[in-house]
Every structure is written in structure tokens, then in C-alpha cells.
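Working from the sequences, and respecting the hints, build out all of it.
Protein chains in written order, with my numbering: chain F, 1 to 384; chain D, 385 to 497.
Read the hints as simulated data drawn from the structure, not as lab findings. Even glycine gets a Cβ: it sits at the ideal position worked out from N, Cα and C. Take these hints with a grain of salt, some might be off.
What the hints assert, rightly or not - In the DSS-like style, the derived pairs of lysine-lysine whose C-alpha atoms are separated by at most 27 Å in a straight line are:
#	chain 1	residue 1	chain 2	residue 2
1	D	K386	D	K416
2	D	K457	D	K480
3	D	K480	D	K416
4	D	K386	D	K480
5	F	K139	F	K128
6	D	K404	F	K139
7	D	K457	F	K134
8	F	K139	D	K480
9	D	K457	F	K128
10	D	K404	D	K416
11	D	K480	F	K136
12	F	K136	D	K386
Unchecked claim - Computed from the model, here is a short list of chain D residues facing chain F with C-beta under 8 Å:
#	residue
13	M385
14	L471
15	D472
Said to hold, decoys possible - Every beta carbon over 10 Å from chain F, so not counted as near; a handful from chain D, in silico:
#	residue
16	C392
17	L397
18	R442
19	I448
20	A454
21	E458
22	C468
23	R469
24	L475
25	P493
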Amino acid sequence: MTGDWDVAEECTQEAFEQALRSWARGGAPERPGAWLTTVARNRALDRMRRSAVELAKLQILRAEPVVEEVEETEVDEIPDDRLRLIFTCCHPALPFEARVALTLRSLAGLTTPEIARAFLVSEQTMAKRLVRAKQKIRKAGIPSRVPPADLLPRRTTGVLAVLYLLFNEGYSASAGDELVRLNLSDDAIRLTRSLAELLPDDPEPAGLLALMLFQSSRRMSRVDVDGELVTLADQDRSLWDQASIGEAQVLLDAALGRGQVGPYQLQAAIARCHAEAHEAAATDWPTIARLYEQLAKAMRSPVVDLNLAVAVAMADGASAGLARLEAIERQLERYYLFHATRADLLRRLGRGAAAVDSYHAALELVGSEAERRFLTRRLAELEP
Amino acid sequence: MKYMLLTCTDENLELDPAEKARIPAAAEAWAKEMDGRGVRLQGNTLAAISEATTVRVREDEVLIADGPFAETKEQIAGFDILECRDLDEALEVAAKHPVARFGAVEVRPFWED
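Okay, structure coming up:
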């Protein structure tokens, strides 16, 4: 097992779901060593219907200075109004991309041209998208209110999904000016912080905030000088931002103390295990495996099951991980990482011939050249 | 605000007979509950699409065709007109409609009240 597969905590629930959809079409993540963040990015790519080339352009465009559009700014300083606005912007009756755009426009204070550049559509298209969304809010009677208790948990989950998408949008993009790249992530952290303060009775917003802080504590170490993503195992841990980690630890402790564990708190707890390991070898894999076990129950996603199998392999050995993999083969047989993971475990168990077969299966499904090179290298080590 | 609920079903959908038998009573109970709450102004179930006739006028000629306006898998099976506080209330009422469990319920606001 290399660091290639152990960055699981950087993935989002939404990204998990998107990954499944893209596997069904035989697609595959684009970058080695960061497949989960790639999944998150691919999902955004799909949603926003833009190409990978455009994503690179995005970083440049975001660097351009923008004139603030004062007259339309709707940011509310009154906390209750702000909370109402979050729920209105993220109402499930609006198309997902409109929720993201409205949130940026109305809550993060971005201008329409800025949002258009962020999602690589023309200003006119973005203006139209925002106008349509506002029109639907008005004409369909989408209420401006904090949902009542019976709706609140599910609606909050929807808001958190929008905020985590924004975070990953900034966090997973690896090209371009660093400050610009981190802009959307900072916006997302700020909004999540505000939501966590406004909804103190729900520990999930705080869980998401902790997750974001654990992840962004690694922002200085996760990309090398060539702009390539560095796997968790290979990162220079002295670069991790201890202030962020410290804040996230406090937040997560308080959230978990409420006794209502949810998917974001669990993902944050997994991220914490990595953040607290002084070196990769010191990672508490038994705890990570136990947390993935809980997450798998909360989310029922084969991707989580795959991560669970990896964590079990790290904690209890390759054969235990292999047994987990066999159990999820049917759902994941079209996904190259399933075969790559199995190949790696078989290799570790000294079952060379079976490992070779799995590497071949992975190579048939792999989408990116870099990942293909990695797998071919591993295969060459086994084949004389 | 006024909303139209369009209940949509696939007429060829094979439901469990016991479940199918429960639908009329469930729909009646739903209508009664919503009438009682004052959110449902009126509504009805429509006859099968085999009874539908579609009219179009093209270049002053009246064209009459057998069948529904669109040949889709799911067809409008009934409608209800609601008077609700906001979309959330209309969505809550729609989610309680028995057809939502196997078909779909479209919630459309009126152009103007």
C-alpha cells in the first residue's frame, strides 16, 4: 500500500456519489495520488460543464482584479437574516449550480463577473442563471426562513454539501496562483464557520468546519514545486499548519461531545488521525478503520467501503483487507482503483501471478496517463 | 400562494395488487386531510390516457388526435389545486400524496394568484 490510496479523508460525500456515477460510465480520476480530490473536482467539472483545460484557465482568470459590484450586494449583517439567506440560497428546489452561484453571490459577496469566471461561463450566462434562480425563489414561493425542526437536519445537510463543494473547488485545483487557488476555500471556511455559529445545536456544521480546517492545514505541503500533488504519506509534515489543526481539534471534540455523530464529523475524525500522526508510519490505522466502518454505515457508499478495505489492510494486514475487497467486488469491478488496490494487496501477500492479473484489469480501466505509468511500473516489477 | 399538483404515473407500472388496492382510500384520506387543513381548494383524478383527445390548430385548421399531448412514459393521472403559505408547505403536502410513493408529483406555482 502506498500513499496513493490513503488520502481518503479528503473526499466528500458528494464526491463519493459522483465517483460512483463516473465509474458507471467507465471514467477514472485524472491524477495519481489524489484520486479523491480529483473525484471532487471531476464532480464539479461535470456540474459546471467545463473541461480540464478550462479549469487551468480558471486559476488565471481568478487572479484578475475585479471591480466590486456594490449595488447588488446582499450580504446581511444580522445573523438571523444571514441564516435565512443561506437556507434560501441552498433550497433543494433550485438547481445545484444555481445554489452554488447564489451562495457565492449573496453570502460570500462575490460579484456576478467573478462567479462567472470561477465557473468558466460567460458573464451573461451567469447573470441569467442568477436571475432565473432569484425568479424561481420569488415565483415558486421559496420561503426565506430557517426551516422548521422537522426539515432542518436534511436542509442543513444540503447547505453543507454546497459549502463543501466550494471548499473542494478551491482546494483541489492545483494549478495557478496559490492565493487565488485558496480563495474559494477560504470563502467556504468563512461561511461554514458562520453556519456552525448560527446552528449551535447541530454538530455537523462544526464537523464540516473541522474537516475543512484539518484539510487546509496541509495546503502548504500538498503540492510540490512542479505543481504535482504530493500524497499524504510523502508530505513534509513540518509544513502542516498547527494552528488550524488545533482549532479543528477543539471544534471536533466539542461536536463529538454532543453525541450526534454524522458523516462530516466522522470524516473530520479520520482527517484528525492523519493530522495527529507525526510521521506516516505513526498513523493510527485501527482507529481510521473503525471510523470508516461507522462512515460506511452512515453513508452506504461503495467508495467508503473501498476506503474501509484499505484502512483494514493497513491496520490488520493485507489478507484482512483483501477479504473486505472481495465482498465489494460486484459494485466496484468497473473501477480501476478497486483492481489496483487488490493488485497491491496481492503483491504484498506474495501472490505475484494473481497480482499481475489485477494490474492488467486495472490498466484496462485506468483513464489517466500518469496513473497508467504508475501501474505499468508496478507491473514491470512483478513480470520478468 | 396557489400551486397545482400534477400527479404523474406510469399506467403500465405493475404494482403489487394489495398496494394498488390501497391507493384510492389513501388518496381520499390525503384529500380529506388537506381539505381539513384548508390547503386543498379542489382536485380530481383523470380518466386513463386512452380516453384523452388532443386538439391543435395549425394554419386555422383544427387537428384532432387520439391520445395525450405527449407520448411519455409517465402521464398526468390527477390534479389538485393548493393554497399554501410557501413552496415548503406545498412540497410537504405533495410528499404526503400516495402517488409520490410510486409515481411523481409535480408542484407548479400559478402564474399569478
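Now the hints, each set against the structure:
| no. | hint | verdict |
| --- | --- | --- |
| 1 | K386(D) to K416(D) | 18 Å, holds |
| 2 | K457(D) to K480(D) | 23 Å, holds |
| 3 | K480(D) to K416(D) | 12 Å, holds |
| 4 | K386(D) to K480(D) | 18 Å, holds |
| 5 | K139(F) to K128(F) | 16 Å, holds |
| 6 | K404(D) to K139(F) | 36 Å, violated |
| 7 | K457(D) to K134(F) | 32 Å, violated |
| 8 | K139(F) to K480(D) | 23 Å, holds |
| 9 | K457(D) to K128(F) | 32 Å, violated |
| 10 | K404(D) to K416(D) | 19 Å, holds |
| 11 | K480(D) to K136(F) | 23 Å, holds |
| 12 | K136(F) to K386(D) | 14 Å, holds |
| 13 | M385 | 4 Å, holds |
| 14 | L471 | 4 Å, holds |
| 15 | D472 | 5 Å, holds |
| 16 | C392 | 17 Å, holds |
| 17 | L397 | 24 Å, holds |
| 18 | R442 | 31 Å, holds |
| 19 | I448 | 34 Å, holds |
| 20 | A454 | 22 Å, holds |
| 21 | E458 | 20 Å, holds |
| 22 | C468 | 7 Å, violated |
| 23 | R469 | 8 Å, violated |
| 24 | L475 | 7 Å, violated |
| 25 | P493 | 5 Å, violated |
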